[in-house]
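Protein chains: 2
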Amino acid sequence: MRPSEELLRALVDRVSGHVLRPPATTDPVIRYATPATIADAFAASVGLSFAANEAAHSDDALVAATDEVFRWSVHTSHPSFVNQNFAGPDPIGVLGDWIGAALNTTGATYEVAPVFTLMERAVLDKLASLAGFPSPAGDADPPAGMFCPGGSVGLLFALQLARYRLDPDIIDRGSDGRPVAVFVSESGHYSTKKAAVLLGLGLDAVVTVPTDADGAMRPDALAAEIATASAAGRRPLAVIATAGTTVTCAFDPLVAIAEICADDDIWLHVDGAYGGSALFSPTQRRRLDGLERADSFVWDLHKMMGMTQQCSVLLVREPSRLEPCFATRADYLFQPDKRNAELDPGDRTFQCGRRVDVMKLWLTWKAHGDAGFAARVDHAIEVADHVRARIAASDGHFAPVVAGDFTNICLLWVPPELRPLTLGDLDDHTRSRLHALGPRVKIRMQDEGTALMGVQPVHGINCFRLLFMNPRVERADADSLLDLIDRYATREWVS
Amino acid sequence: MRPSEELLRALVDRVSGHVLRPPATTDPVIRYATPATIADAFAASVGLSFAANEAAHSDDALVAATDEVFRWSVHTSHPSFVNQNFAGPDPIGVLGDWIGAALNTTGATYEVAPVFTLMERAVLDKLASLAGFPSPAGDADPPAGMFCPGGSVGLLFALQLARYRLDPDIIDRGSDGRPVAVFVSESGHYSTKKAAVLLGLGLDAVVTVPTDADGAMRPDALAAEIATASAAGRRPLAVIATAGTTVTCAFDPLVAIAEICADDDIWLHVDGAYGGSALFSPTQRRRLDGLERADSFVWDLHKMMGMTQQCSVLLVREPSRLEPCFATRADYLFQPDKRNAELDPGDRTFQCGRRVDVMKLWLTWKAHGDAGFAARVDHAIEVADHVRARIAASDGHFAPVVAGDFTNICLLWVPPELRPLTLGDLDDHTRSRLHALGPRVKIRMQDEGTALMGVQPVHGINCFRLLFMNPRVERADADSLLDLIDRYATREWVS
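Sequences listed follow chains A and B, in order.
Just so we're aligned, residue 1 is where the first sequence starts under my numbering, counting upward by one.
Just so we're aligned, residue 1001 is where the second sequence starts under my numbering, counting upward by one.
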């Protein structure tokens, strides 16, 4: 059963080589391939799929297959990967992740995760203090939240906590079917809808609040929607404010929203999955002013901060609510006659077995310090500011689609004959050609492996969306991305 | 920002050393320590907690801190770790996990996870065929399920699918508050309760079905409970049958249960988080006869099969239900104008960003083949059978608490004056001394680092629970564990 040491060493060499020598700008960010091409590539070694009676493969074949995995995968550490709300995994975070995997345990109990249980408390305390949430008074108090497998799951748990506060009978009796309302901006993440469905609130419970031109929730509109819902007999359950929307990275105005929630005693959840990391930067944290008044907060450290998937926390104002909301006191696991059982996190969350996502964050934070984490955030915004300045100085070559001043750039490439662009003046044919241009450019970039960037509709027209957070991306790299857009778009527009 | 290559290499050396040279039997399985001791140990390098303004630490301090992490953690690969329903991480699985982390992407779309999207389909197809579930007819059909962050989450999704079949309006309208009933045996996992609460069904919806002496659900009792719940106006929503209960590893009789569910048109979910892996063994798979008639099935490959946390799948009979149950069609992510977008798994599950847990399973399976996976399961049962034989031949030295014939051993150590043990004959004082013995023995084992095994109440008295699944554990290792119990218990009983 035990594999050969030669095989293990060969795999260690390959995977650690990838971390020690991440792809350079001149390497392809992706070798785009169809499923058939990828399947063909694996056919030479172990095959991608499994036979009815799959044989064990040789060490050589396994190493060759591993090479194919790297060969055909997207390189999210590459300076030209600006496609997603994550990029540039921190190499220390990757190794911290490996340590957690090598020690493979569950975060459910102190007994099997003594170090990681204490690390969780330390990290949650620190994150809570950055968020302005109360810190536990002593070691006997529960920590300020929990680690979750992703921001969507964190939001799900937050809404359950909100429901439990509104109606403690939900635990035993379940939903009484009375309609509730959850408010989220029209730019908010789709996980609110998913959570509302899973909790049994239904999509009808989700009220979409209009935003301003930059994509931030309008507090006046929120107040109006709350009044409308209440008048229609829907109990306001929670407001989901977004700190860093997915497309334009808008920050909802938390102070004004918190005021409204306080007036109506509505649970305020802040979805800072992406933008929460602004808290690390003394110059950026003002974007989350008012967060200290929220009831709960989700923060994905696997987004801006380069932790590997996944590293999410849910912070809560009143951690004492976690246990009554989530506990079932399984006697085989959370036994009071085990030492230090009061530290077991398992009955304060939904998950049972749970990967120790804290290890990578703890180690990376210790390596970089507060200043290093601030620098990662500040550097990202400096590069994004540089791109904004280049767009502004491009004589109409590029047009910003939303203003924005954080890490996300949404832009249109403007054909020469349309400069300076006035979207409202476009006839339907031109508008639809421009809309179709983005996906065509993206395909060319993928095929040549030069860049991977988002293309998506804003105000009904496909724009390029570039997210800057990878510390390896310098201004020159960002310049190259604009040059690439220009080169491909020029060619595709006339073809 | 980029850490020094020396630091990265030092960390790679340490973590890969742990995989290449896992702890030997003579090494401690744990250096048990209080939180204060662990905090002191870290104080010499980087400190466990974070200062208000945490500095960046030196490479030397970070390496020293990493050594402390290994020093104070539980070694779940150790032959004397039989504490949990996971043990003995497969080294290839660990390295496969590292590859996924190094390439750090999300399993949500083909665009950013082309290889892993195809691997998921290949692995889900193969697992579905082992479970006797229908395989997708063609590449255009969705795969037979999804990867989940743990079995509890998989069960949650399965119950949502059940609710959606019973009442499709749940998606838009939400719960109508009409009471439902979910049936699970009294030995079933507590995640059924947690899921019932989170979905808004409430604990009242969970009906506990009596078991036989070995801990398996009694079909006659299930039929009776269904009739009672229906008569009381609760709609039967789902039956959760357990394939491998947590404590004794009992297998509920699926054929009889499936018959009852078919008669009443009730969703049958099989929780095979632990015992699902019996399907890998031609001689063991009979334990899950009837599974092919279930509607959904959860299977944790991070339990018996040694994958790192976590590696869970939810398989479903009708994959076409996944998308209407979970989709929200976020237009920035799942755009129809992206190539191969029909392969995107993201709209068939709840999670958005999602770690590529498939990589480790795919690589390990290719390395061992079907026969190697079968051998892991068969070896575990051979060792457990050996222990059962030793208990039977112990002249009353040890007493089995439940019969069992899979990987779990629940036993009592019997004081000389009570041999052969008849539990019913014990007076209260002796019974309570025997009950208190287990935790005391466990503490000694922890303090001396000799073993980590479960101690938990069965029939109201603490027994030792040993789970065998680590392929490094041979008969001699199991003998040593019994000897350890005898040695400590003898000493503690008279002290």
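Fair warning: there could be bad hints in the mix.
As the list claims (entries may be wrong) - One-sided and incomplete, this derived list gives chain B residues near chain A with beta-carbon spacing under 8 Å:
| # | residue |
| --- | --- |
| 1 | 1091 |
| 2 | 1166 |
| 3 | 1202 |
| 4 | 1203 |
| 5 | 1207 |
| 6 | 1231 |
| 7 | 1302 |
| 8 | 1320 |
| 9 | 1328 |
| 10 | 1381 |
It is worth saying that the hints were derived from the structure and are not from the lab.
Nothing here was measured: the structure is a model prediction, and the numbers come from that model.
The C-beta atom is built at its ideal place from N, Cα and C for all residues, glycine as well.
Taking the hints in turn, this is what the structure says about them:
1. 1091: For residue 1091 of chain B, the interface hint holds, since the closest Cβ of chain A sits about 6 Å away, which is under 8 Å.
2. 1166: violated (12 Å)
3. 1202: This interface hint holds because 3 Å falls under the 8 Å limit.
4. 1203: holds (5 Å)
5. 1207: violated (13 Å)
6. 1231: Cβ of residue 1231 of chain B sits 19 Å from chain A, so the hint is violated.
7. 1302: holds (7 Å)
8. 1320: violated (17 Å)
9. 1328: holds (4 Å)
10. 1381: Violated - the Cβ of residue 1381 of chain B stays beyond 8 Å from chain A, reaching only about 14 Å at its closest.
Of the numbered hints listed earlier, those contradicted by the structure are 2, 5, 6, 8 and 10.
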